[in-house]
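Visitor: According to UniProt numbering, the sequence shown is numbered sequentially starting from 1.
Think of the hints as simulated: they come from the structure by calculation, not from any bench.
Please note that the accuracy of each hint is not assured.
With a straight-line cut-off of 20 Å between C-alpha atoms, the simulated SDA-like cross-links for lysine to any residue are [stated by the list, open to error]: (1) Lys99 - Ala384; (2) Lys385 - Ile82; (3) Lys385 - Gln151; (4) Lys306 - Phe316; (5) Lys124 - Gln151; (6) Lys99 - Lys306; (7) Lys89 - Phe137; (8) Lys374 - Arg76; (9) Lys99 - Met114; (10) Lys374 - Gln151; (11) Lys385 - Ile23; (12) Lys99 - Lys124.
Label-pair distances were calculated between CB atoms; the ranges are [claimed, not checked]: (13) Gly255 - Ala203: 43 to 51 Å; (14) Thr252 - Ser178: 13 to 21 Å; (15) Thr377 - Ile50: 36 to 44 Å; (16) Asn39 - Asn370: 29 to 37 Å; (17) Cys253 - Ala384: 42 to 50 Å; (18) Ala132 - Glu248: 27 to 35 Å; (19) Pro51 - Pro307: 40 to 48 Å; (20) Pro147 - Thr48: 33 to 41 Å; (21) Ala203 - Pro51: 28 to 36 Å; (22) Pro51 - Pro315: 19 to 27 Å; (23) Thr252 - Arg136: 29 to 37 Å; (24) Gly255 - Arg57: 48 to 56 Å; (25) Arg121 - Met352: 41 to 49 Å; (26) Ser160 - Gly120: 23 to 31 Å.
Quick reminder that beta carbons are idealized off the backbone N, C-alpha and C, glycines included.
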Amino acid sequence: MGGGIRRYIHDVVYGLDPNLFDITLVYGASRTDKSFQDNLQQMCEHATLIPCNELVREVSLQHDWRAIRAVIRIMRQVQPDIVHCNSSKAGVIGRVAAKLQGIPAIYSSHGWAMQNIDFGRRKKQIFAGIEAVLSRFATATTINVSPTEKQCALDWHINSSNQFIVISNGVDPSTMLSREESRARLGLSDNAIVVGTAIRLTAQKDPLQIIDIFARAHQQNPALHLAILGDGELRDAVKQAINENGIEQAVTCYGYRADASQLMAAFDVVMMTSTAEGLPYTLLEAEAVGVPIVATNVEGIRDIVKPGVTGELFPFGDVEQGANALLSVLDATSALASVNEAGEGDMDAINMPYSRQAIYHDFMQRFSLNLMIKELTSVYQRFAKTSK
């Protein structure tokens, strides 16, 4: 368990009212990342944690049947009113086990396999067929993190529209550090113009596109600095691209940062150039501290960014439009900073493009953690009643 799913599980475990819910978390012991392991002891204060060695990433009928049997044993011991399955593999195991035990199963895919650009159409059809069978015969309801994710399910005929509920991921702005604190942690000067990104350095995130866009923008504004938080298999390719573009002095690669989610306020703009997303936490964290976004106009991202309000979108792979969008947003935020310093226009700031007030207002309306937990609580309570 890692990345966005780990973050989601963490927030649910900590966010649900302990007076309403008794939580048991079953997780694949071999699939946890360092952040999950670091938080195990604290999470045990909020939930009963049960590692399951049979839950593995690889698809194997033998292993998967063992996992189903192991989860059934746990369900018989715990006797839950509802089961919430997260991710495609756990979604299969958990829903089959819950069906065999007569327990309502809620499912969150956190991004469909059909959205994966690395999969061919035949492979996507196989995954869609499996999801359709499970949705119809072993799922009480499916929670999508965005309208785009729900539409993907409808396009692939997973089930009818009333089978799906959209509950956006949420984040807690109180956990974020201030601009001053964030910049101090990253060693950035207060007057630097910083473009930031916090991503895994993988093909799906396409960090090389960020380098190309920044290099073009840097030619027009040499004062720009790029901060990259994250690590992955494209680490060496990213460093090579930085060197080839001659921007070594304008880019800082921080590697993996456990505190990355707290540092968005350090940036003047947050960039993301993914091929597709579910609902990326990095962009929610940027909105939580009022930082504008420049990103590719792809699934998941377009559910967050409101052009002309919270940031700008550009076609995937269009480096020129990406650079133009980045420079345009930076120019606008610079003008806003000048207005704020002069003490003018404060009352109308919420209506001004890319203003921190406008971005934060949008965040509170759509992506606060409190809102996510409130909606999730309602779903849990509704389906728990059907199991009585």
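Visitor: Evaluate each hint against the coordinates.
Guide: Quick rundown of the hints versus the structure:
no., hint, result
1, Lys99 - Ala384, "15 Å, holds"
2, Lys385 - Ile82, "9 Å, holds"
3, Lys385 - Gln151, "28 Å, violated"
4, Lys306 - Phe316, "17 Å, holds"
5, Lys124 - Gln151, "15 Å, holds"
6, Lys99 - Lys306, "40 Å, violated"
7, Lys89 - Phe137, "17 Å, holds"
8, Lys374 - Arg76, "28 Å, violated"
9, Lys99 - Met114, "24 Å, violated"
10, Lys374 - Gln151, "23 Å, violated"
11, Lys385 - Ile23, "16 Å, holds"
12, Lys99 - Lys124, "24 Å, violated"
13, Gly255 - Ala203: 43 to 51 Å, "19 Å, violated"
14, Thr252 - Ser178: 13 to 21 Å, "20 Å, holds"
15, Thr377 - Ile50: 36 to 44 Å, "23 Å, violated"
16, Asn39 - Asn370: 29 to 37 Å, "21 Å, violated"
17, Cys253 - Ala384: 42 to 50 Å, "47 Å, holds"
18, Ala132 - Glu248: 27 to 35 Å, "50 Å, violated"
19, Pro51 - Pro307: 40 to 48 Å, "44 Å, holds"
20, Pro147 - Thr48: 33 to 41 Å, "34 Å, holds"
21, Ala203 - Pro51: 28 to 36 Å, "30 Å, holds"
22, Pro51 - Pro315: 19 to 27 Å, "44 Å, violated"
23, Thr252 - Arg136: 29 to 37 Å, "50 Å, violated"
24, Gly255 - Arg57: 48 to 56 Å, "24 Å, violated"
25, Arg121 - Met352: 41 to 49 Å, "45 Å, holds"
26, Ser160 - Gly120: 23 to 31 Å, "27 Å, holds"
The structure shown violates the earlier hints numbered 3, 6, 8, 9, 10, 12, 13, 15, 16, 18, 22, 23, 24.
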